[in-house]
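Asker: Here is what each chain is made of, one letter per residue.
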Amino acid sequence: MSPFLFWIFALLTVIFGAAVIINRNPVASALSLVVSFLGLAALFMSLNAYFIGIIQVLVYAGAVMVLFLFIIMLLDLRAEKGRQINWVASAAGLAVALILLGQILSVISHFGPAHQPFSALPRPTSDDVQNIGATLFRSYNLPFQIVGVLVLVATIGVVLLSKRETR
Amino acid sequence: MITLGDYLLVSAVLFVIGFAGVMVRRNLIIMLMALELMLNAANLSLVAFSRFRVDTIGLPNYNVQVFVFFIITVAAAEVAVGLAIVVALYRVRQTTDIKDISSLKF
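For the record, the sequence lines run as chains A and B. According to my numbering, the stretch in the first sequence is residues 345 to 511, in order. According to my numbering, the stretch in the second sequence is residues 55 to 160, in order.
Don't read these hints as lab results, they were simulated from the structure. The model shown is predicted, which means the values in this text are computed figures rather than measured ones. Every residue gets a Cβ at the ideal spot worked out from N, C-alpha and C, and that includes glycine. Careful, some of the hints might be misleading.
A few chain B residues that don't get close to chain A, going by computed Cβ distances all over 10 angstroms [unchecked claim]:
(1) S104
(2) I155
(3) S157
(4) L158
(5) K159
(6) F160
Stretches of chain B that chain A covers, calculated by requiring three or more beta carbons in the stretch to come under 8 angstroms of a beta carbon on chain A [stated by the list, open to error]:
(7) 56-62
(8) 68-75
(9) 86-93
(10) 112-124
(11) 132-143
The shape of chain A in the complex, shown without the other chains (with noise of 0.2 angstroms):
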């Protein structure tokens, strides 16, 4: 990928990441998760991860997206207004998140490989398809199987909490 595409998505995403914690309406939160989701999506299929970009698409973009707005809009949220912000915990909890960024930043600039540029790929990879399900399939079939058996518990969880208790 040319470093100008890269610098756009990467642009996008970080800047639509920080509108999801910075508008006071959680709608528009949502919409911006979206848009800072795609650019992940595209970031993903430049390193030729195309399934993961895919997925990415179909599960966070799509649905995991629309479960958002949906209680979003069942809830019938409005933005916070009146609330005044506590700007001693808010200014405590920038300060933390900016040293930890400047911890992972000091400690990517000391990692060697980090200054190496991607080595090139002999062949396609437009079939990772077949690669990932092979490896899923072969070498992580029991971990495939319990992680359908977190889904089936997770959406027995959800019908349990959300029925209305009828005494």
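Based on the hints, put chain B in the right spot on chain A.
Answerer: Below, chain B alone, put in the same frame as chain A:
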């Protein structure tokens, strides 16, 4: 030339944005969204490492991509359960603000 460090930089910034969202915002739904941002930042650095470590026959490391697939699945289940808890809470307390939910606070 785009290096591995550039992807790790974007991932770090995205993770810190999500972290700041959990620390600063007081709305449960926005906090769940910020959690999703953090999970996605971790996914981005995992996929970057998968592309960086090309194996002997010239393919990316697909073990990592399977791991990312599992993370996405578990994150979707987590969001579903989290939002169900938010709805159940809203039914009882009529709020999604964590300042109003302090019964377990020490």
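Asker: Please go over all the hints and tell whether each is borne out by the structure.
Answerer: A quick look at each hint next to the structure:
1. Not every CB of chain A is more than 10 angstroms from the CB of S104 of chain B (nearest about 7 angstroms), against its label as outside the interface.
2. With a closest Cβ-Cβ approach of about 14 angstroms to chain A, I155 of chain B is found to remain outside the 10 angstroms limit, as its non-interface label requires.
3. Listed as outside the interface, S157 of chain B is consistent with that label: its C-beta sits roughly 18 angstroms from the nearest C-beta of chain A, beyond the 10 angstroms cut-off.
4. With a closest Cβ-Cβ approach of about 18 angstroms to chain A, L158 of chain B is found to remain outside the 10 angstroms limit, as its non-interface label requires.
5. Under the 10 angstroms C-beta cut-off, the non-interface status given to K159 of chain B relative to chain A holds; the minimum distance is some 14 angstroms.
6. Listed as outside the interface, F160 of chain B is consistent with that label: its C-beta sits roughly 16 angstroms from the nearest C-beta of chain A, beyond the 10 angstroms cut-off.
7. For the region 56-62 of chain B, the stated coverage by chain A is satisfied: 7 residues place a CB nearer than 8 angstroms to a CB of that chain, which reaches the threshold of 3.
8. Look at the region 68-75 of chain B against chain A: 8 of its residues bring a Cβ nearer than 8 angstroms to a Cβ of that chain, three or more, so the hint holds.
9. Check result for the region 86-93 of chain B against chain A: holds, 5 residues qualifying (beta carbon to beta carbon below 8 angstroms, three or more required).
10. Coverage of the region 112-124 of chain B by chain A holds in this model, with 10 residues showing a Cβ closer than 8 angstroms to a Cβ of that chain against a need of three.
11. Given a C-beta distance limit of less than 8 angstroms, the hint that chain A covers the region 132-143 of chain B holds, as 10 residues qualify and 3 suffice.
Hint compliance for this structure: hint 1 alone is broken.
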